[in-house]
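There are 2 protein chains.
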Amino acid sequence: MQQPYLMYLGDVPDQLGAKTAKGIVDWRPEWCLGQLKLEGCKADLGIDNITIAEAAQKGAKTMVIGIVNSGGFLPKHWIADIIEAMKSGLDVASGLHIRLSSIPEVKEAAEKYGRSLFDVRHPTQDLPTGKGTPRSGKRLLAVGTDCSVGKMYTTLAIEKEMLKRGMKADFRATGQTGIFIAGSGISIDAVVADFISGAVEILSPENEEDHWDIIEGQGSLFHPSFAGVSMGLLHGAQADALVLCHEPTRTHMRGLPHQPLPGFKECMDMNLQAAQLTNKNAKFVGISINTSGLSIEEGDALLKKIEDEYGLPTVDAFRTGVAPIVDNL
Amino acid sequence: MQQPYLMYLGDVPDQLGAKTAKGIVDWRPEWCLGQLKLEGCKADLGIDNITIAEAAQKGAKTMVIGIVNSGGFLPKHWIADIIEAMKSGLDVASGLHIRLSSIPEVKEAAEKYGRSLFDVRHPTQDLPTGKGTPRSGKRLLAVGTDCSVGKMYTTLAIEKEMLKRGMKADFRATGQTGIFIAGSGISIDAVVADFISGAVEILSPENEEDHWDIIEGQGSLFHPSFAGVSMGLLHGAQADALVLCHEPTRTHMRGLPHQPLPGFKECMDMNLQAAQLTNKNAKFVGISINTSGLSIEEGDALLKKIEDEYGLPTVDAFRTGVAPIVDNL
Chain Z
1 MQQPYLMYLG
11 DVPDQLGAKT
21 AKGIVDWRPE
31 WCLGQLKLEG
41 CKADLGIDNI
51 TIAEAAQKGA
61 KTMVIGIVNS
71 GGFLPKHWIA
81 DIIEAMKSGL
91 DVASGLHIRL
101 SSIPEVKEAA
111 EKYGRSLFDV
121 RHPTQDLPTG
131 KGTPRSGKRL
141 LAVGTDCSVG
151 KMYTTLAIEK
161 EMLKRGMKAD
171 FRATGQTGIF
181 IAGSGISIDA
191 VVADFISGAV
201 EILSPENEED
211 HWDIIEGQGS
221 LFHPSFAGVS
231 MGLLHGAQAD
241 ALVLCHEPTR
251 THMRGLPHQP
261 LPGFKECMDM
271 NLQAAQLTNK
281 NAKFVGISIN
291 TSGLSIEEGD
301 ALLKKIEDEY
311 GLPTVDAFRT
321 GVAPIVDNL
Chain P
330 MQQPYLMYLG
340 DVPDQLGAKT
350 AKGIVDWRPE
360 WCLGQLKLEG
370 CKADLGIDNI
380 TIAEAAQKGA
390 KTMVIGIVNS
400 GGFLPKHWIA
410 DIIEAMKSGL
420 DVASGLHIRL
430 SSIPEVKEAA
440 EKYGRSLFDV
450 RHPTQDLPTG
460 KGTPRSGKRL
470 LAVGTDCSVG
480 KMYTTLAIEK
490 EMLKRGMKAD
500 FRATGQTGIF
510 IAGSGISIDA
520 VVADFISGAV
530 EILSPENEED
540 HWDIIEGQGS
550 LFHPSFAGVS
560 MGLLHGAQAD
570 ALVLCHEPTR
580 THMRGLPHQP
590 LPGFKECMDM
600 NLQAAQLTNK
610 NAKFVGISIN
620 TSGLSIEEGD
630 ALLKKIEDEY
640 GLPTVDAFRT
650 GVAPIVDNL
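Chains as they are written, first to last, in the numbering used here: chain Z, 1 to 329; chain P, 330 to 658.
Each hint can be trusted.
Computed list of lysine-lysine pairs in DSS-like fashion (alpha-carbon distance at most 25 Å, straight line):
(1) K265(Z) with K594(P)
(2) K87(Z) with K61(Z)
(3) K351(P) with K405(P)
(4) K265(Z) with K609(P)
(5) K612(P) with K634(P)
(6) K366(P) with K348(P)
(7) K594(P) with K633(P)
(8) K405(P) with K416(P)
(9) K594(P) with K283(Z)
(10) K493(P) with K351(P)
(11) K594(P) with K634(P)
(12) K283(Z) with K304(Z)
(13) K612(P) with K265(Z)
(14) K280(Z) with K594(P)
(15) K304(Z) with K160(Z)
For the record, the hints were derived by calculation from the structure and aren't laboratory data.
Put together the whole structure using the sequences plus the hints.
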């Protein structure tokens, strides 16, 4: 995908529906030229409202539909805008479940105007099976006690901190929001099961010895819906460094009220055992806690308690930053 | 898929290419009316050679292309036979990578003659994500130290032994050969990663309390290519009973010369930990060793040694039968 982006919000009914778009603006504000909202849109990214024509004139290369809606379909009344964007010289990228290319008018317009369509949820390249053959370069992977506990945020913050220090680092995206932020990546949970670890090997290939791939994790080994994805990620990543992510107000595994959360030790032990199958030197280098649901005092106390108990740098990636984790590499 | 089958071998160049077909004949001889070989075919199933017309006349319902070839394509000169079979009233089922319905002449003929096409490698139903909600009925799952160590053979033998004893049991197929043998199933390694455990929940749904689903395993938690599939299987199965399968002449993980095999204890511990996430009562009930690469004396000695060391009924499913494992349930 080429940058900069025009952010298309359509008429999503709430801010949550624009979560992907908001993540892109948070992490790549310099890529986001403006937002386009239809009447009734209840989300706002806090950036300029611009038209497709203005975006094209300002040099936008891709119109991003960074929207989550239930069902993942594309509202019919957005199609005219998508075609208009391509007519104006923009590619179109979508995070919806439905493929843009499965909509005949959209596909025809892409051919007519010579533009590209990107469906970031759907891996398009041919993938190999994983091999587990040791490869050069360093890799860090975020793992979680649960889904949605800050793995993307933590890995993006680590990449940013490393680049600030002049280290060689690349964030490697494994989910749709991350892919828009990185400009590339593979939506690992959409890969055919046989190719999970192979996809991660392709995503974070061999590199210079002092280069770090910072791999966004997905799911949790302890989530009964998605643990296969997490397991393949661990094996494919050949991570040297693992960071455990956690959200302390969670009372059960996301979406499964009957499913308790794992303990930290149990969670770290199992992740480490899996990681060491393909990299014997894998170890935990830090813990990242999303304390936004706690008061500052409670949050600070929790970080200190966990740091003392596990002897690892423990941060809130948003509030305290991830410098202590990078120091520990 | 409807039985009985006409087994189509085309002109495969060796017996290994007909491995799937051979498995079907071994386990469901009563379903296999005959085989159809083209000139140059080097495989043989040891059953009658018959024509499509004879098969139709004998009541065959499905022509099975139980062939493995490198690339998974369909040789062009087989297409006429496939169309002929449908014209004669048979459905056609294939274990090749290529979808029958992706071949225009074949698809047209299916519509023209009102026949069904089955591509057993490709799940067709919409799958849910796994939930891990406890469900009724009993389930047994085979797990392995590696891929291709006898999981299908062991589970089929356990189903057979249970049915012989008048127990309620169903073999649940998770791979292509198993699907032909069961007449239904889901090729788990071809499912999209997000739905691995959900597919297994659908495959082995709630049932009577004294009914056993005997679930064919896939891969190994210790195989860097396929462990995600094995992990999702463990979580989706909610197995009460696990059987460890092993092939004692294996010197490294299949296809990966650099990757050592896990020890039994390590392998059982990790499988048990994963299984207990969705069924706290999961336990190992037996060990199944494929001793075909050893002499009878060596094989017997090995079974005894393992049985003594781990305190679990240890069998060769082919040579000694699986009765001691069923006794232990």
